[in-house]
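Enquirer: Those protein sequences? They're chains A and B, same order as listed. The first sequence lines up with residues 78 to 338 when you count with this note's numbering. The second sequence lines up with residues 248 to 514 when you count with this note's numbering.
There's no promise every hint is true.
Some chain A residues close to chain B (C-beta under 10 angstroms, calculated; not the full set) [as the list claims (entries may be wrong)]:
no.	residue
1	GLY91
2	VAL92
3	MET93
4	LEU96
5	ARG99
6	ASN101
7	GLN108
8	ARG135
9	PHE248
10	SER254
11	GLU261
12	VAL273
No wet-lab data here; the hints were simulated from the structure. From a predicted model like this one, the values you see are computed outputs, not experimental measurements. Don't be surprised by glycine CBs; every beta carbon is placed ideally from N, CA and C.
The chain contents come next:
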Amino acid sequence: MNPFKLAWIYLRIGVMNELQYRVNFFIQLLQTSVALATGLIGLSLVFGQVDKLAGWTRAELLAVMGVHILMGGVIRSAIQPNMERLMNDVLNGTLDFALTKPADAQTLVSVREFRFWQLTDVLVGLVVIGVAVNQLQTGMDALQVLAFIAALIMGAVMLYCVWLMVTSIAFWVIRVSEIVNLFEGLYAAGRWPVSVYPDWLRTGLTFLVPVAFAVTVPAEAMTNRLTGETMLFAFGLTLLFAILARAVWLIGLRSYSGASA
Amino acid sequence: MRRYIDYYLASMRISILQQFQYRVANYFYMIGMIAEPVIYLVVWSTIANQQGGVVGGYTPGAFAAYYIVWTLVRNMNIVFTPYGWEERIREGSLSMDLMRPIHPIHFDIAFFAGWKVVVIVLWLPLAAFLTWVFKPTFDVTWMEAVVFFIAIWGAYLIRTMLLSLLGMITFWTTRVSAIFELYFGLELILSGRLVPMTLMPQWVQNLSTYLPFKWTFFFPIEALVGGMSTQDLWAGVGMQILWIVVGASILSVVWRAAIRQFSAVGG
Chain A
78 MNPFKLAWIY
88 LRIGVMNELQ
98 YRVNFFIQLL
108 QTSVALATGL
118 IGLSLVFGQV
128 DKLAGWTRAE
138 LLAVMGVHIL
148 MGGVIRSAIQ
158 PNMERLMNDV
168 LNGTLDFALT
178 KPADAQTLVS
188 VREFRFWQLT
198 DVLVGLVVIG
208 VAVNQLQTGM
218 DALQVLAFIA
228 ALIMGAVMLY
238 CVWLMVTSIA
248 FWVIRVSEIV
258 NLFEGLYAAG
268 RWPVSVYPDW
278 LRTGLTFLVP
288 VAFAVTVPAE
298 AMTNRLTGET
308 MLFAFGLTLL
318 FAILARAVWL
328 IGLRSYSGAS
338 A
Chain B
248 MRRYIDYYLA
258 SMRISILQQF
268 QYRVANYFYM
278 IGMIAEPVIY
288 LVVWSTIANQ
298 QGGVVGGYTP
308 GAFAAYYIVW
318 TLVRNMNIVF
328 TPYGWEERIR
338 EGSLSMDLMR
348 PIHPIHFDIA
358 FFAGWKVVVI
368 VLWLPLAAFL
378 TWVFKPTFDV
388 TWMEAVVFFI
398 AIWGAYLIRT
408 MLLSLLGMIT
418 FWTTRVSAIF
428 ELYFGLELIL
438 SGRLVPMTLM
448 PQWVQNLSTY
458 LPFKWTFFFP
468 IEALVGGMST
478 QDLWAGVGMQ
488 ILWIVVGASI
498 LSVVWRAAIR
508 QFSAVGG
């Protein structure tokens, strides 16, 4: 079956499931608002002291925050739920049910879950980005918008690949639910542009957990910082991550033994 | 009394043995956790450097000391979560706990206290690494060290009371995550977890003195890294004891009402 068609079917099922619980939208909105409020308080504390942080103005950092919230919504709606389910399946031996289906197993485990209401974060992220663009007063031309969208997509793909690789560790060490915490912690670093961090950490946030490409690079596209080389580099790295993730997944799968499903 | 001590020691030993088996998982958890203070530390050190080396009385070295001690205090602050209470009630496992002739909170306190032993052992290399990278400035007197040791356990007990109370809400309603997140948001701002309280506006600082959050986070850290007077150190411990007593009292009242609400579905 065509992987896109498969993803589309699961997406529809996920959305239909979630639409039964409409109050969850307001709960999600409240949660997002709390996160947004604490983020804004953090920003205002910083800019109560300085006008620029490592060369970024307040409006520019607001743009970074918007992208961070948006990408966080993408992770929590589409990537994380699937990976958490995969972890549990490996732990409980229920991955058998996915493996015996006549579709590519990697595709299948990556599209089975979709949390529709988490898209609230994507919405709020877009609003914050809109406010930031308005405050920047430089506007965005069509090319910038395109670069921004391309950077976002590549960033999301890279994050997915890293999630899949890290989740595949479950094939060897079984209990990996704490990885969610590890990932959330590292992703939180994306709240600030990676240029703030010392070299060793920036390297880690670029190549190990590509928060730099998922958040900072799209924000750079909005603030006239992005170069063509960075985009090319991002493209190459996305390909590399995709190949690596596939390889790690396939090798890991060999160690899988369904216990008692 | 003897019975309780035996129960605590046995539960702690079980959790120590159990958690040492999951070293890798525990390390993932801890590395994810130290990302947060490292972010704050880097941002505020950058600001301090931009401001000529000091912001709000903190040098980069002082920030490093604050946020490195932060990592231990944060670990001590990890207790049975309200989400855990939600699960206990939703899945009915609470029924089993209620059969025992001892309040379930004793198990939570003992189990997580045992886990702390594992956490502290695993934390030491991380602390050494952070110290090597960020070069904190420490000036610790033995009195501060003693109060700090007491204060981290005080913080542990206060937070156990607060989060258990929050968990009690799940006896009445199951849509609790928004309330929890609101609580965690307030705690982040008012406890000193985000920034040292002295960097907050004055009115926030005043407010935080009358709330429990600061005594679980800012106080233990400052006890070790700040230059508090002997009197302030012990007064802080007094405030912690006060909040533990207040928390435990409210919890026991609420627990009695809550347990009447409970009806198990399986278990």
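Enquirer: If a hint holds in the structure, say so; if it does not, say that too.
Expert: Hint by hint, here is what the structure shows:
A hinted interface residue such as GLY91/A counts as satisfied when its beta carbon comes closer than 10 angstroms to some beta carbon of chain B; here the least separation is about 19 angstroms, so the hint is violated. About 20 angstroms separates the beta-carbon of VAL92/A from the nearest beta-carbon of chain B, more than 10 angstroms, and the hint is not met. Because the smallest distance between the Cβ of MET93/A and any Cβ of chain B comes to about 21 angstroms, over 10 angstroms, the interface hint for this residue is violated. The criterion of a C-beta within 10 angstroms of any C-beta in chain B is not met by LEU96/A, whose closest approach is roughly 17 angstroms, and the hint is violated.
Given the 10 angstroms rule on beta carbons, the hint for ARG99/A is violated: about 12 angstroms separates it from the nearest Cβ of chain B. Annotation: interface hint on ASN101/A holds; nearest CB of chain B at approximately 8 angstroms, less than 10 angstroms. Of the supplied interface hints, the one on GLN108/A holds, with its beta-carbon coming within about 5 angstroms of a beta-carbon of chain B, less than 10 angstroms. Given the 10 angstroms rule on beta carbons, the hint for ARG135/A is violated: about 13 angstroms separates it from the nearest Cβ of chain B.
For the restraint placing PHE248/A at the interface with chain B, the shortest Cβ-Cβ distance is roughly 13 angstroms, beyond the 10 angstroms limit, so the hint is violated. For SER254/A, the suggested interface contact is upheld, since its CB lies about 7 angstroms from the closest CB of chain B, less than 10 angstroms. At its closest, the beta carbon of GLU261/A sits 6 angstroms from a beta carbon of chain B; the interface hint therefore holds under the 10 angstroms criterion. At a threshold of 10 angstroms, the smallest CB-CB gap from VAL273/A to chain B is about 6 angstroms, leaving the interface hint in force.
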